[in-house]
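Undergrad: Dock chain B with the ligands against chain P, hints included.
As a plain string of letters, each chain reads:
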Amino acid sequence: MALNSKIPTGELDKKWEEYKGHVKLVNPSNKRKLEIIIVGTGLAGASAAASLGELGYKVKAFCFQDSPRRAHSIAAQGGINAAKNYQNDGDSVYRLFYDTIKGGDYRARESNVHRLAEVSVNIIDQCVAQGVPFAREYGGLLSNRSFGGTQVQRTFYAAGQTGQQLLLGAYSALERQVALGNVTMYARHEMLDVVTIEGKARGIIARNLVSGELERHFGHAVLLCSGGYGNVFYLSTNAMGSNVTAAWKAHKKGAYFANPCFTQIHPTCIPVTGDHQSKLTLMSESLRNDGRIWVPIAKGDTRKASDIPEEERDYYLERRYPAFGNLVPRDVASRAAKERCDAGYGVGSSKMAVFLDFADAIVRYGKIEAGKQGLENVSKDRIVELGKEVVKEKYGNLFDMYAKITGENPYEVPMRIYPAVHYTMGGLWVDYELMTTVPGLYCLGEANFSDHGANRLGASALMQGLADGYFVVPYTIGNYLADEIRTTEIPTSHEAFEKTEAEVKERLDKLMGIKGTQTVESFHKRLGKIIWDKCGMARNEEGLKSAIEEVRALKKEFWSDVKIPGGINEFNSELDKAGRVADLIELGELMCTDALDRNESCGGHFREEYQTEDGEALRDDEHYKYVAAWAFKSEGKWELHKEDLIYENIKIAARSYK
Amino acid sequence: MEHYSMNLNLRIWRQKNKNDKGGFADYKVEGISSEMSFLEMIDVLNERLILENTEPVAFDHDCREGICGSCSMYINGRPHGPWHETTTCQLHMRAFKDGDTIVVEPWRAKSFPVVKDLVVDRAAFDRIIQSGGYISVNTGNAVDANCIPIEKDKADKAFAAAACIGCGACVAACPNTSAMLFVSAKVSQLALLPQGGPERKTRVRNMVAQMDKEGFGSCTNIGACEAECPKGISLENIARMNREFTIASLLSED
Ligand SMILES: Cc1cc2nc3c(=O)[nH]c(=O)nc-3n(C[C@H](O)[C@H](O)[C@H](O)COP(=O)(O)OP(=O)(O)OC[C@H]3O[C@@H](n4cnc5c(N)ncnc54)[C@H](O)[C@@H]3O)c2cc1C
Ligand code: SF4
Ligand code: FES
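The listed protein sequences derive, respectively, from chains P and B.
The opening position of the first sequence corresponds to residue 1 in the numbering used here, with each subsequent residue numbered one higher.
The opening position of the second sequence corresponds to residue 1 in the numbering used here, with each subsequent residue numbered one higher.
Only chain B is shown next, with the shape it has when bound in the complex:
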């Protein structure tokens, strides 16, 4: 791999707190190595800002390896930036070249209010899980694990859906700010597994109701969510959730 160094122009969204109007600020960074990660580039900027007696850019991050779902930057008009199936923290600077201008914004969605700069409040996702994203089994109630054989194909599909990291890029990518991909991933995982059977109908109804209550937009099959999802969560999950929802509504006794 050839490594190179670059100078960049950054336009970053700065917003003091949720009530502040916020706006873009421009910064130049120099001598950025193509081997750095995107967040390490922001680290370089922040170290400089601190020494210049300015406040560093606030952003969420923790694992820095694409699994915790904390990082959430909208880079040059795309959630998590230009690389396919990649989180912001996994994006590396070799994606850019010397002299580039990079625009960085927070997720934009009514249901994800900005907390500060690039940090948003995604508690709505937790509340959706609270409404039904689980199997009701208390600790100690389980039978031997191999008493529940599961077809490999179904297990694999459930796993693929369960890979969602709850980052919210799907919402940020969607012009309607729909949360369908996130919700359907959880509904699918649990609908595909026999353990999820008993609560299948109430789960999908409750989770969809909570999603609506949180103010996420409706799904009009644009597909931007799937295209931008860092974990490759498939639109098939949305189709499955729609089926689950229809069946649950048709068969609902109440």
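Next comes chain P alone, as it looks inside the complex:
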């Protein structure tokens, strides 16, 4: 099937207006007859469910947590971008668009990204109207900060809990629709397959995670808002439950999976301490506004940070990238940390860490504060004290989190940080309308591949999730549903439902029937190690080839030796996890396949064979300026479809942050 991205014609900055002006509409009485299934209640799913419910559609929303409010979006810390230009520092829709394309290393679609930048401003308005308590200045207006890969301040935030506040806003809008009867919420439910009838998505099979029962749900359209697949690496900053199952099942039902090898390693996370580790904790990128990253100049220096004098420190980001300094994009910052540690300059007991130091910022803020308060002859201690208060207000909850995990006080000693898996740019391929290659099946938020190319800029995932759910899909879905008004509800006794449910049941039975000797967790750990070592921060042909073999072998072993206690028709977390890990294993193979196919380095995809003399990523626009969309053929077999990326408005250049 040839890919049709359905990009509207016309000038870039008019496309969305034009599209909205001509898109088909569904009248209110017909909306009431149309049912929409939404899988996921993170920022993308909750905002879509609320908005579609408000429009009058009949919505059914699903999440595997006990409440929609607990979706993984809740954990986002640092902020959300929007081209408001409230700081009058030269920001604009075009600049946000440009920064996102460049940050993504020229592997994202211009039209989608421009639309994202356009609606970004509406998101902030909507959230404030809902009562989202963003940080404010003394004058009562909204405050902003900077994130990596930009030179303006366009990030809105609520301390280090921006995701929480945005999600609670969307969640309350969703619950309001539940109260009004427009949305029915199915918590502790997991979608285990898509039902297609005559090629169109018509519903899902979900498992009630309390009773274990399988349920059939019909919808005129199905929206997957199921988040990213970072947990393929086992250790990541994602929530424990984050998984690829919904997207993967859709993939096997015909939805192409795009750019799976584009995964993001975040530079500032708390380092691994031991084998017991179950997940990694992010220290928000916002900290790079004020924290300076360094390692000792001398190899193997074991002195305490405070004993290392200024002239014996290497602020390597400031040294290598003077224009952006500590605020280079994530892929660049992560690789630079790895480079220093691999070369033997790392700190801490594992030597796999670098310092993130706030001492300078504390003094700087202390002096400003002393000035504001009109204090004279202030002692150094008092300045530090004042400075700590400012830092606490900005990042208090992150500092607390760090202290609880490490037992160290980051107001006194620099944080130790190391890169960790954080986000997945790849995902289900979608067109301009966010529809996958299966008609009627949409994909929103982190689960799709759309806007971030090969590397996402900080604070842009929240923006994308809410853009997709509040402002894009409510329009684009009408274009499809307008032709569906004559489709009456298909009874779930239809053979397609019966057949799909039988397949799901068979798989569950099979899993339970293995009765092997190794736990699900142990398989997940081994998968993570393969992918991290060979398809992580640096990749090469040989490693990827062996990774594919290893993943295949792991899959075989999993299906013959996994041990799952308990039964099917009951609450059984191990069974839930087993299904997810089985899908992550399959995805792992596709990730490596994709990484092997892409003989270039771009964004988060760093192929060691393709780098410049000074170790920067070397793109190959002539051969790889495309989206790699993989069609599932049969187990372990995929077919590559290419969507050529056309840049009409941006001149492609080597990405430089120097």
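Worth double-checking, as some hints may not be accurate.
[What the hints assert, rightly or not] Taking lysine-lysine and the BS3-like style, the derived pairs with C-alpha atoms no more than 30 Å apart in a straight line are:
id, chain 1, residue 1, chain 2, residue 2
1, B, 16, P, 515
2, P, 200, P, 31
3, B, 28, P, 563
[To be verified] If we take Cβ atoms under 8 Å as the criterion, some of the chain P residues that face chain B in the derived model are:
id, residue
4, 137
5, 239
6, 276
7, 401
8, 405
9, 519
10, 565
11, 568
No lab work stands behind these hints, which were simulated from the structure alone.
Even for Gly, the Cβ is constructed at its ideal location relative to N, Cα and C.
TA: Quick look at chain B with the ligands alone, frame taken from chain P:
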């Protein structure tokens, strides 16, 4: 930080499903590192139980960084365990020493029935939010965000109230199983903001009515909720909600 290893005795509540009576079971775990989180210690136990052909302990968890509000263990008589303003998932094993006995139970409250082992049903909280924990503004109806300036002090207070993670520790901590801290946090957040103004009276009345309907106990100013809340939600919110409620009742026209 000095790290150490410890052996522990665990007494954990096991309950097959909501109809089962349930009871404590004792387990020993060995070689637990002080660097582990509490949930990682439970992971170690669970891995062992699976290999011994027993069912692992069921518990809710997701983010493991103190923000999603999933985790909910009542540890040695305290919701979320011994550390101040800390969720179960943020609790680390350096809080314990070699040879300790640790008792782990689910939240105990009539309105939070046990689903299995340490997992409880907190849907009552969602229903309370449905009754009024929002501002009625449809997508697309908003004015420019900076058209609504808000005093920093009020914005900060609203944010502090909005930090509630909906974990239910306040209910579990309260001898009356009152949900006042949770409800008042949402009422306060929205009452402090000008956007919340138009629905202020109906909101507080409806949310309080739903809270009562769910069977949560009444508040007798004990303060255990605030003491155990992992997010430091203040009792001031309860005072504010009481004022809001009084005003709403006095001025109610219906
Ligand atoms: C620690 C951390 C901090 C971050 N900070 C920032 C930040 O500051 N700024 C920023 O822009 N981005 C940030 N991100 C990224 C951002 O949070 C995510 O990309 C974004 O929230 C994803 O939202 P989503 O709606 O797509 O999916 P999610 O929030 O992951 O939601 C997925 C939903 O799908 C449901 N689900 C999944 N599978 C199934 C299934 N099979 N059946 C039923 N339900 C299912 C889940 O229950 C859940 O409701 C951060 C990410 C992490 C990990
Ligand atoms: S008020 Fe505190 S204890 Fe109660 S639900 Fe909210 S965060 Fe949890
Ligand atoms: S697991 Fe999310 S708060 Fe503990």
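Undergrad: Work down the list of hints and note, for each, if the structure agrees.
TA: Okay, the hints, checked on the actual structure:
1. Of the supplied pair hints, the one linking residue 16 (chain B) and residue 515 (chain P) holds, its CA atoms being roughly 21 Å apart against a limit of 30 Å.
2. With a C-alpha separation of about 19 Å, the suggested pairing of residue 200 (chain P) with residue 31 (chain P) holds against the 30 Å cut-off.
3. At roughly 22 Å between alpha-carbon atoms, residue 28 (chain B) and residue 563 (chain P) fall within 30 Å of each other, so this suggested pair holds.
4. Hint status for residue 137 (chain P): holds, given a least beta-carbon distance of 7 Å to chain B, under 8 Å.
5. The interface hint given for residue 239 (chain P) holds, since its Cβ lies 4 Å from the closest Cβ of chain B, which is under the 8 Å cut-off.
6. With a least beta-carbon distance of about 5 Å to chain B, the hint placing residue 276 (chain P) at the interface is held under the 8 Å criterion.
7. Interface restraint check for residue 401 (chain P): the shortest CB-CB distance to chain B comes to about 6 Å, inside 8 Å, so the restraint holds.
8. This hint holds: residue 405 (chain P) has a C-beta 7 Å from the nearest C-beta of chain B, less than the 8 Å allowed.
9. Checking residue 519 (chain P) against chain B: minimum C-beta separation of about 5 Å stays under 8 Å; hint holds.
10. Hint status for residue 565 (chain P) relative to chain B: holds, with the closest Cβ pair at about 5 Å, below 8 Å.
11. The interface hint given for residue 568 (chain P) is violated, since its Cβ lies 13 Å from the closest Cβ of chain B, which is over the 8 Å cut-off.
Checked against the numbered hints above, the structure violates only hint 11.
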